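Participant: Each chain, written out:
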Amino acid sequence: MALPIIASFPELAEMQKKCAADFALRELSNRPEGVTAEEIKNLHNDGFEQYVLVCGGTGCHASNSAEILKNFEVAIEKHGLNKKVKIVRTGCFGFCEQGPIVKILPDNTFYVHVTPEDVEEIVASHLESGNKVERLLYVLPTTGEHMPDSKHMPFYKKQVRIALRNCGFIDPENINDYFARRGYEALAKVLQMKPEDVIQTIIEAGLRGRGGGGFPTGQKWKITREVQNDTKYVVCNADEGDPGAFMDRSILEGDPFSIIEAMSINGYCTGANHGLIYIRAEYPLAIHRLEIAIAQARECHLLGNNILGTNFSFDIELRYGAGAFVCGEETALIRSMEGHRGEPYVKPPFPSVRGYKGYPTNVNNVETFANIPPIILNGAKWFASIGTEKSHGTKVFALAGKVNNVGLIEVPMGTTLRQVIFEIGGGIKGGKKFKAVQTGGPSGGCLCEKHLDIPIDYDNLIAAGSMMGSGGMIVMDEDNCMVAVAKFYLDFTVEESCGKCAPCRIGNKRLYELLDKITKGCATMEDLENLENLAKVIKDTALCGLGQTSPNPVLSTLLNFRDEYIAHVVDHRCPAHQCTSLVRYSIDPAKCKGCTACARNCPVNAISGTVKNPHTIDPAVCIRCGSCVSRCKFGAITVE
Amino acid sequence: MKVTIDNRVLEVEKGVTILDAAAQAGIKIPTLCHMHMHELNYANKPGACRICVVEVEGRRNLAPACKTDCTEGMVVYTHTPRVLNARRTVMELLLSNHPDECLTCVKSGRCDLQSVAIDLGIRKVSYQGATTHFEMDKSASIVRNMDKCISCRRCETACNEIQGVGALSATNRGFGAIMGTAFEKPLTDSECVNCGQCVAVCPTGALSENPHIDEVIAALNDPTKTVVVQPAPAVRVALGQEFGCEPGANVAGKMATALRQIGFDHVFDTDFAADLTIMEEGTELLGRIEKALKGDKSVKLPLMTSCCPAWVLYMEKHNPDLLAHLSSARSPQQMFGAIAKNYFAKKIGVDRKDLIVVSVMPCVAKKYECKRPEMSTNGDPDVNISITTRELARLIRQYNIDFAKLPESEFDSPLGESTGAAVIFGVTGGVIEAAARTAYEVFTKKTLGSVDFQAIRGFDGVRVATIDFNGTPIKLGIAHGLANAQKLVDLVREGKCDLHAIEVMACPGGCIDGGGQPFHRGNGEILAKRGAGLYAADADKKIRKSHENPDIQKLYKEFLGTPCSELSEQLLHTHYSKK
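Going down the list, the protein sequences come from chains A and B. Last residue of the first sequence? That's 640 in my numbering, and every number before it is there in order. Last residue of the second sequence? That's 579 in my numbering, and every number before it is there in order.
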């Protein structure tokens, strides 16, 4: 695809107009009220009547969406629909648990768990004859109802998509799709403004860093701008490392141009001509899409010298990270980009003053950048009207754990945890009881029932003992042991500590060991005191953000679930029956029918007994795997 | 600006850390990883150990005093319960992954970790768990016991920033993070040049010299052996520190007595060989200069000194293309060995195999040097055993000698006589100054007015001076610290260096800060005093030019003939190869 050189503002406007016209039907389908046949008739779009959006995000890609795409091409050709139906490989739809996902526009039909074999039926039945394939529609877990389109799905209804505005909607490998959605209009606008005024807009919008720290983005830009230096850098932190978090990856895979445009805006405002994207090498698809996007932007002269005919020049290079969690910390990231060991250093100096190779460097996270073009286009007031008093806009969360709807969501700041978990998330899986929600990844904490109605924002989460972090949100039910949860996160931190400062290097190891002792039932109350002291000292003394926040999972569970710790230590009991060392399996002779199912399935032959007589479990042999419980039809096996 | 530390209002300059501001007011905040010696441009400030944390009003967490600059109106508390608890807890953490081997540790009594633990009053370690274990690594010069490493990063800074060697740096991560070599190779196979600066700055017993006292004791007790000893110039101004003397005090006389009491048969002096080095190296230099003046373009100038074995190995490992610039003259230690075994042994009628030469060096690289194959004749090394200043102090203690009470005595003849030129070999600039004294007089056939070349002296990392050799300007360069030396080497490689000679000592400050010296523990003043001690020893000498040393003159007359004669070349010179 040859792309035109866009060398002036009018040329850009012309291009946007043309692309928006081609895109008109897709844009209309996005309206809440939908699109009428009459409207379709009067459109002068690219000529297609229907669009098949196949998810090309990492999750669906791994579940063979590439073959689904190929089958659509073949089937559409076979049914002679080439002129009527366009296939688009998009970025992530967010509802990854239901993947591979195929969405049909303009009616927004949302097909889930699609296999390559289903394609023929979708084409023949839906695209050709207008009959939706019922069996592939999303089923609401609470009612069993088939949802006719995505607009009625609770998962999407409560969401407000700003950062994710183009994800799952445009072709991320085609800059024309981006133009169609006001792409580069923000940069054009900015280039006709004074940098100070642009920064003022960002300050007034109240955008705060989405990578976890929550530092006011406009202030950061202002500091970088005010440092005098001929060479400055803009860095996009795409080193997303929280376990289970994939917000940034999805944005890069689904809407890479928005990041390139936002970095260019940042370059113009701060006086930087060099952009660097630090991305982990284990995000190959995101890297691939970024490479394509950068190449297309260069081809259009939207990266390079004299962008849009102005004096502003800017280009972007990719830098690969090796997947160290600590390299998401901005000083460690800079060290890593410089070719050194990825280790944090003590701030100040802040990167805005002295960063990459000693030059002023503005580091922002992917999601932060994704918010920039909409703020420029819609104004600071619009952005500030969304969210809470001190946290404006939206936040993307990777919702996971024991909820019905697992996936990527974007909600306005101020949405309550209850709304996220029970409305968007569809409640707890299997009708179990909610116990806790972990936010902020390994740096965050566990909140409980009493926190469900607090509006989510930076300050409220910190006040409750957790943090926003980059947006991980893991829901736990009554079967989750909170000591084990803390231990899980410490295991991660111990693995990911760079080892530079003593409190993090040795302290976290000792925290883990103490937690391990507790889960094995051999800890004392003195250990518990030591655990709490150590956690506080690490928080107080560690060098970087990783170390200072690493005890949060321990401190927050101690705060909200201290009784569980005490049960482990004093009663040698795990209330959630998760800590295998503390769990005892036994068979209730009154209920056991002697069917032998448990004994036959026990992997270690710990169960003995004869047919039609009550069986017994030898606790010395039992490995507490739980397979007998799942086999027993009579509920005779008790766990305590 | 004004800051308040422990309720005391202080006036401090911008850019001063809390640690330094507190020190000005006599408040000694404990540190462990921090080491800053302005004199040597050595600054290890990773902010890694977190022992120096203090409470700053309005700050959420504790601040590392070593890395936090004072700000106007800052209010700091250095010993609140929160601070003391944090410090003790961090210390307990460090101790929880440190072997309980204080009583048998080489560093006991001189260990920073031990000192701070004592000061913090640690009586038990509440946090116990897994410990890290690494294989012991022993090179000819250095023993690495990384089980004792506390990741202070001092060795990394010394090895990378001061020496530019890059043998040691942080490897692995998390609990397993450790200062190691690339691909965990033994030091011998790494980039290491044995300079021992890592040993000089290590706060614990993780890095130490490869010990050789037991070999010395065995030789002294072997009735078939005649044992001679040669202490290097820099040893005499450092050894006293081990016995409570003032830093820089010249204890050559007491040392000679001690060595005699220990039982060495002949107590000689490396200084004698330093004078000999000047004769050989100076002659080599003048030869090259004269050739160059006659228009010979093939002559390799500048000539680089070769007294320092770490520097020589550095050239062999890191700049093998420029080996022709190195003087072929052996180091004083090795010249001494060669003369002792080939001249003195014959003189006293002892087979060279029965003459044991022991050197006492400020250096750990010398241990490696005497093991170089070209430094042996038919498998018999010219220098059998090299021990460090610290090891000599241990030997003196083990031999129950009350050093402070010793009378002074002279070195033995004939290999004990030396000049002022020789004693300044131990400080940066000393070798080139000594060479200049002799070269000037040989070249111009005139007598020097003043022998003190002040322009050459000092502690700047790279220094250049031009000396007027009666109308011929001779340009001399000096570098100490290998990273500084590399700057001159790069110029030579690029053909941009018009110097005639370059003196390089691997250790910053020269041998006074060698890896075998009593530990300075971050106190740069000690090193300055050692340097001053050597210059004072020079000034005290009656003879201050190497070529005027009567025993050297006698040696040439009786044995060697002339400098750079065939016999001199065979015994006193060597060759180098890419390593």
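FYI, nobody ran anything at the bench for these hints, they're computed from the structure. Predicted model, so just to flag it, every value in this text is computed and none were measured. Fair warning: there could be bad hints in the mix.
[As the list claims (entries may be wrong)] Calculated cross-link-like contacts (lysine to aspartate or glutamate; reagent style DMTMM-like; alpha-carbon spacing at most 25 Å): (1) Lys429/A - Glu204/A; (2) Lys445/B - Glu558/B; (3) Lys124/B - Glu529/A; (4) Lys517/A - Glu495/A; (5) Lys347/A - Glu569/B; (6) Lys381/A - Glu173/A; (7) Lys347/A - Glu11/B; (8) Lys18/A - Glu299/A; (9) Lys347/A - Glu57/B; (10) Lys536/A - Glu57/B; (11) Lys28/B - Glu374/B; (12) Lys347/A - Glu246/B; (13) Lys357/A - Asp69/B; (14) Lys347/A - Asp119/B; (15) Lys536/A - Asp119/B; (16) Lys222/A - Glu246/B; (17) Lys536/A - Glu11/B; (18) Lys124/B - Glu49/A; (19) Lys347/A - Asp551/B; (20) Lys487/B - Glu338/A; (21) Lys14/B - Glu513/A; (22) Lys222/A - Glu55/B; (23) Lys124/B - Asp516/A; (24) Lys347/B - Asp119/B; (25) Lys151/A - Glu49/A; (26) Lys45/B - Glu338/A; (27) Lys347/A - Asp460/B; (28) Lys536/A - Asp516/A; (29) Lys45/B - Glu57/B; (30) Lys14/B - Asp69/B; (31) Lys124/B - Glu513/A; (32) Lys124/B - Asp149/A; (33) Lys381/A - Glu204/A; (34) Lys347/B - Glu569/B; (35) Lys445/B - Asp551/B; (36) Lys593/A - Asp571/A; (37) Lys357/A - Glu569/B.
[Claimed, not checked] Covered stretches of chain A (in silico footprint by chain B; criterion: 3 or more residues with CB under 8 Å from a CB of chain B, positions within the stretch not fixed): (38) 225-236; (39) 340-350; (40) 499-505.
Don't be surprised by glycine CBs; every beta carbon is placed ideally from N, CA and C.
Participant: Checking against the hints above, which ones are violated?
Facilitator: 1, 5, 6, 11, 12, 14, 16, 17, 18, 19, 21, 22, 24, 27, 32, 36, 37 and 38
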